[in-house]
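Novice: Sequence:
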Amino acid sequence: MDMEQAWMGVVSAEHAAIGAEKGWIQLNHGKRNNLRRLRRGDGFVFYSSKQRMSDTKPLRAVTQLGVVADDEPYQADEMMSMGAHGTFRPWRRDVAFEPVTPVAIADVVLELTSAPNWGYALRYGLVPLSLADFETLRGVMSQPS
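First residue of the sequence shown: 1, per our numbering; consecutive thereafter.
Note that these hints are calculated values from the structure, not bench results. Bear in mind the structure is a predicted one, so any value in this text is a computation, not a measurement. Misleading hints may appear alongside valid ones.
[Stated by the list, open to error] Between beta-carbon pairs, the in silico distance windows are:
no. : residue 1 : residue 2 : range
1   : Ala84     : Ala132    : 38 to 48 Å
2   : Pro58     : Asp2      : 30 to 40 Å
3   : Asp2      : Arg37     : 10 to 20 Å
Where a beta carbon is used, it is the ideal one built from N, C-alpha and C, also for glycine.
Could you build the full structure based on these sequences and the hints that come with them?
Specialist: Structure (structure tokens):
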């Protein structure tokens, strides 16, 4: 199957590593909407503005990369705490992650980052990524560090 679309999701590097280890993604604090946009075979990368959610020091790196491996979002079995907002079961998608080395986004020439104010769209948690950008990232991130 040829890849038709690629995506960039936004989470901390710490959360991206957990998802990659377990083979799933979770976006926008476990909400379903953005996950519905993905299709089996789509490329997927995690952009991490920080190492941990609570950090103040920026990271600004692409930290994980893979291919969507399921057909629909599903709810996790375990409950997730949102502090004062209660608990819920987050929505997820399965992704076949590849072994990669994170790369600073400023060190890679991408169509995405050539647009002025490109980072503004990241606040939505998921942005389309061109197939060319996905393959560029795959090539750079697959190199030994």
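Novice: Is it true that Asp2 and Arg37 lie within 10 to 20 Å of each other by Cβ?
Specialist: 19 Å, holds
Novice: Holds or violated: the 38 to 48 Å window for the beta-carbon distance between Ala84 and Ala132?
Specialist: Once the Cβ atoms are compared, 43 Å apart, the range 38 to 48 Å for Ala132 and Ala84 holds.
Novice: That 30 to 40 Å hint for Pro58 and Asp2 (C-beta), does it hold up?
Specialist: Because 35 Å falls inside the window, the suggested range holds.
Going through the hint list in order, the structure satisfies each hint without exception.
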